[in-house]
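Novice: Chains as they are written, first to last, in this note's numbering: chain A, 1 to 356; chain B, 1001 to 1147.
For the record, the hints were derived by calculation from the structure and aren't laboratory data. Careful, some of the hints might be misleading.
As a list, the in silico PhoX-like pairs of lysine-lysine whose alpha-carbon atoms are at most 25 Å apart [unchecked claim]:
| hint | chain 1 | residue 1 | chain 2 | residue 2 |
| --- | --- | --- | --- | --- |
| 1 | A | Lys58 | B | Lys1121 |
| 2 | A | Lys58 | B | Lys1089 |
| 3 | B | Lys1135 | A | Lys58 |
| 4 | A | Lys282 | A | Lys238 |
| 5 | A | Lys187 | A | Lys238 |
| 6 | B | Lys1089 | B | Lys1121 |
| 7 | A | Lys282 | A | Lys350 |
| 8 | B | Lys1089 | B | Lys1013 |
| 9 | A | Lys282 | A | Lys162 |
Chain A is nowhere near these chain B residues, computed Cβ spacing over 10 Å in every case [what the hints assert, rightly or not]:
| hint | residue |
| --- | --- |
| 10 | Lys1013 |
| 11 | Ser1022 |
| 12 | Lys1023 |
| 13 | Gly1027 |
| 14 | Gly1028 |
| 15 | Pro1088 |
| 16 | Pro1095 |
| 17 | Lys1116 |
Positions of the beta carbon are idealized from the N, C-alpha and C atoms, including for glycine.
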Amino acid sequence: MSQDISADIPSRRLNFPPGFDVSWAGPSPLANGFCLGSENGLLQFFDAEFRPIGAPFKASASGEAINSVVRAGTWLAVSTRHEINFIGKESLDGKLGSFQTSFGAHHLAVTPSGYFIAALGRQGILFASAHLTKGNFVITNPGPQAGLYVYRLIAVPGSGGKDLIVSAGRTGGISFGQWHESQTTTKMNTMSFAGLDVVDVCSIATAEHPRAIAALGKDGTIMLTRDILGNEKPGTLKFVTITGAAYRIVCRRGHLFILSSHGLFGLWNLAESFFQGMLTAKSETNILMMPMEATDINVALDHLILIVGLDHFEVIDVDGIQSENGCTVRGMPEIFSPDWMSSGISQTAKEVALSA
Amino acid sequence: MNVDPEHSATTRKNKYRYCFTSKHHGGGTSEDAQWHPQLSRDEEFAVFDEADYRDISDDNGWFYGVLCSEERQLRDLGTWSQQVAEFPKANVGVPWHGYPIWAVNSDAPSNRAGEKMRPPKSVFLKLETVGLITKQQRKRLLKGQHA
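Let the sequences and hints guide you as you build the complete structure.
Specialist: And the structure:
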């Protein structure tokens, strides 16, 4: 254990195991603990004390770098730029039970109704049942003809029992739509403005605002909405202290954490201030600045942020960070009023085969 | 018959000729990767020239390139934010051409099933070794994410 980030921030640093260059770190999809994916397609589970559970195993058929791991039912889904691997419990127990797609994904998630979803880039979104034995078919919503690009995505409860899918669509903006397994056509709505390049989205939901979303532009622009299905134009802001190419945004306890090529930035109570209408060009935000070269972050066990560094990974405990400490600066946001444009894209589902 | 325009210069190292194919410059279909309209032809050629100069190639002799901004950030080369370009090996005496490459594998036809991902990992290591990208950028690109 070390405290390389700062003595003010409770953290734990672990070097990559030999032969295991970490490409992804996140919560364990199997138990209360963690999971690491490697650049050569291996997966390793850990318990909550970072003790390895079993040995690493090959989760990517192609041996490409793992970029996402999720679970639905008794199946794991593991994505790389080359393919998506569906691994059944039987396979984890040593028997055959795995399938692959012939296309890769940027990111995976699971819907509230229990479907796998995958960000396929210009091919749109993949929806796959957690019951993969039946015909080995999955459903995609192809989107290239409509200009949709799906880079990262999340799913939250929508209205009428549907799943609400929200995705970062790069220069295509923020896209969102409601989905149910009975649908053959899905309408995806997009919101964008000139020059916007959306690279990530996250939920900032509270009990009062269950469909509140934050989105991140590659230039560090932050977009906040209380209800993505409402008519409100997203609040659009930027902090000059957040520099570098923005990679990821996550939210915990009302704080937003942004990873860029220059480091990790914690925006204290920003989501909470937004909900309370207190976020103005004159309002000050405590910004936790942690310069580092990292490639990814994820939230685990509700209060931990896992950071994938270049040769180690780091865990910080959000609950142990004081709002003002030696790493904190105070910053006022630039508030923008861009000319938001909206459009809708209807997509028809098609089925594609998996290979064993 | 329309002929794709050719750059006036040849590459520094191997004196390769380079042409700007209409298929990847606004022509083609929605399936075809397109160079970013804000990228000049000189910049596109510079990506190819640097790839040839540094020998950023795979086992088939195809070249791969990137373009950095003054802030050492990778510039987008394609209309869908692609940051790497691919230059398939041209026959002797024929001008080369290139296009931005998708960050993730698209649905492969059955006759391409089992084909390895391009660019291969070794290309990203070469890009890092010669200093065209950082380790952080290599690790991001390797998993299909922007750098």
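Novice: Are there hints from earlier that the structure breaks, and if so, what are their numbers?
Specialist: 2, 5, 7, 9, 17
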